[in-house]
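Those sequence lines, one after another, are chains A and B.
For what it's worth, UniProt numbering labels the leading residue of the first sequence as 1, then goes sequentially.
For what it's worth, UniProt numbering labels the leading residue of the second sequence as 1, then goes sequentially.
Among the hints, a few may not be true.
Given that identical chains are not distinguished, each listed pair holds provided it fits within a single copy or across any two copies.
[To be verified] Derived DMTMM-like pairs (lysine to aspartate or glutamate); straight-line CA-CA distance at most 20 Å:
1) Lys63 x Glu49
2) Lys95 x Glu81
3) Lys5 x Asp65
4) Lys94 x Asp65
Simulated from the structure, these hints should not be mistaken for laboratory data.
This is what each chain is made of:
Number of protein chains: 2
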Amino acid sequence: MQAGKPVLYSYFRSSCSWRVRIALALKGIDYETVPINLIKDGGQQFSEEFQTLNPMKQVPALKIDGLTIGQSLAIIEYLEETRPTPRLLPQDPKKRASVRMISDLITSGIQPLQNLSVLKQVGQENQLPWAQKAISSGFNALEQILQSTAGKYCVGDEVSMADLCLAPQVANAERFKVDLTPYPTINNINKRLLALEAFQVSHPCRQPDTPAEMRN
Amino acid sequence: MQAGKPVLYSYFRSSCSWRVRIALALKGIDYETVPINLIKDGGQQFSEEFQTLNPMKQVPALKIDGLTIGQSLAIIEYLEETRPTPRLLPQDPKKRASVRMISDLITSGIQPLQNLSVLKQVGQENQLPWAQKAISSGFNALEQILQSTAGKYCVGDEVSMADLCLAPQVANAERFKVDLTPYPTINNINKRLLALEAFQVSHPCRQPDTPAEMRN
Chain A
1 MQAGKPVLYS YFRSSCSWRV RIALALKGID YETVPINLIK DGGQQFSEEF QTLNPMKQVP
61 ALKIDGLTIG QSLAIIEYLE ETRPTPRLLP QDPKKRASVR MISDLITSGI QPLQNLSVLK
121 QVGQENQLPW AQKAISSGFN ALEQILQSTA GKYCVGDEVS MADLCLAPQV ANAERFKVDL
181 TPYPTINNIN KRLLALEAFQ VSHPCRQPDT PAEMRN
Chain B
1 MQAGKPVLYS YFRSSCSWRV RIALALKGID YETVPINLIK DGGQQFSEEF QTLNPMKQVP
61 ALKIDGLTIG QSLAIIEYLE ETRPTPRLLP QDPKKRASVR MISDLITSGI QPLQNLSVLK
121 QVGQENQLPW AQKAISSGFN ALEQILQSTA GKYCVGDEVS MADLCLAPQV ANAERFKVDL
181 TPYPTINNIN KRLLALEAFQ VSHPCRQPDT PAEMRN
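All chains should be built: construct the whole structure from the sequences, respecting the hints.
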């Protein structure tokens with residue numbers, strides 16, 4: 001049941017969507033984007049049509065091979081298993097463990113605490129300090145871990161799933177004005193990643209739904 | 001560098017620790033428990049010794065094969081890759097995608113929003129409604145997803161990583177007095193899981209650090 005091009009339900013500024021866009025770009029998978037605007041009309045992710053597709057009412061979701069998958073890491077692991085080149089997980093199980101630990105640290109330990117729906121709940125005036133605390137306490141741990149795992153990238157010298165989580169999280173940190181000075185390892189890896197084509201074409205500032213004033 | 005028995009840093013009531021304890025039990029891996037009391041002494045996870053081990057200051061962490069891994073799913077995936085029997089991920093990539101999607105939905109979409117450190121931040125009087133909202137909104141999505149993936153368990157008729165996430169999350173739901181009536185599929189799967197030996201021996205009420213009054 002191969003049903004043509006994969007379709008990615010995405011929002012330009014969603015860090016979770018960006019993770020998947022990088023994976024698709026690195027693996028050279030051609031796909032269509034259906035933009036889901038998380039702000040407009042009270043949030044298009046709440047539409048009945050989208051909820052049928054992803055009951056979590058979150059982006060990203062990927063329609064591929066007759067299947068719809070939600071959750072960015074589940075999508076990336078599926079792409080890795082079905083389109084293994086280039087690899088986003090190292091061959092050595094211990095290095096794979098490091099990649100997954102770093103990925104999970106970001107996707108479970110940082111991002112959920114500073115996403116749109118949580119920030120709505122904490123109230124306008126608390127949003128910035130709340131997000132900053134979540135990100136800096138995660139980055140404190142991450143900086144320490146990377147000191148023993150990193151080479152050019154998060155784990156050794158090959159781009160991995162961990163890097164697909166790192167760059168979008170640093171972009172969020174910048175949006176929330178987190179001081180990155182205490183995190184030189186994170187900062188340097190991020191710079192190297194942003195120089196790669198797959199990170200550039202998938203960047204929030206270059207998506208079909210990026211507003212004109214945010215493009216570059 | 002096989003260095004004797006694996007060591008699990010665990011807290012009896014931590015749902016993330018319980019996920020890993022179930023994996024260890026199912027795979028018949030003998031291990032030692034080092035209890036980390038998340039409440040006592042202001043939280044033993046904040047000790048310098050533990051932070052060196054897991055900079056995220058969270059349980060679980062598993063020392064195994066000369067490696068220390070944090071993040072429950074990274075641990076479970078490592079166990080699956082190095083001790084594949086019995087399998088906790090199906091062979092079919094599409095079913096694996098469902099298992100990972102459900103696991104990530106719980107571990108990124110529900111648990112982080114109702115964990116101890118977040119609840120401390122929202123303040124005593126808001127804790128219960130905050131946790132209930134996080135769990136019920138996640139369970140609404142999960143109930144809908146399970147209707148197309150579940151057999152006896154979360155995905156088909158074999159216990160998988162998704163089930164290792166489900167039972168501990170239902171236990172949290174009960175602690176936070178979430179009404180489970182709207183979630184018959186979740187409820188039924190959970191009952192089947194709790195009847196299995198691996199879920200019983202790993203249960204929060206039977207750990208070395210379970211206080212006497214909570215044992216049974």
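Hint check results:
no.	hint	in the structure
1	Lys63 x Glu49	within (14 Å within a copy, 45 Å between copies)
2	Lys95 x Glu81	both (17 Å within a copy, 12 Å between copies)
3	Lys5 x Asp65	within (9 Å within a copy, 42 Å between copies)
4	Lys94 x Asp65	between (30 Å within a copy, 9 Å between copies)
Checked against the numbered hints given earlier, the structure satisfies every one of them.
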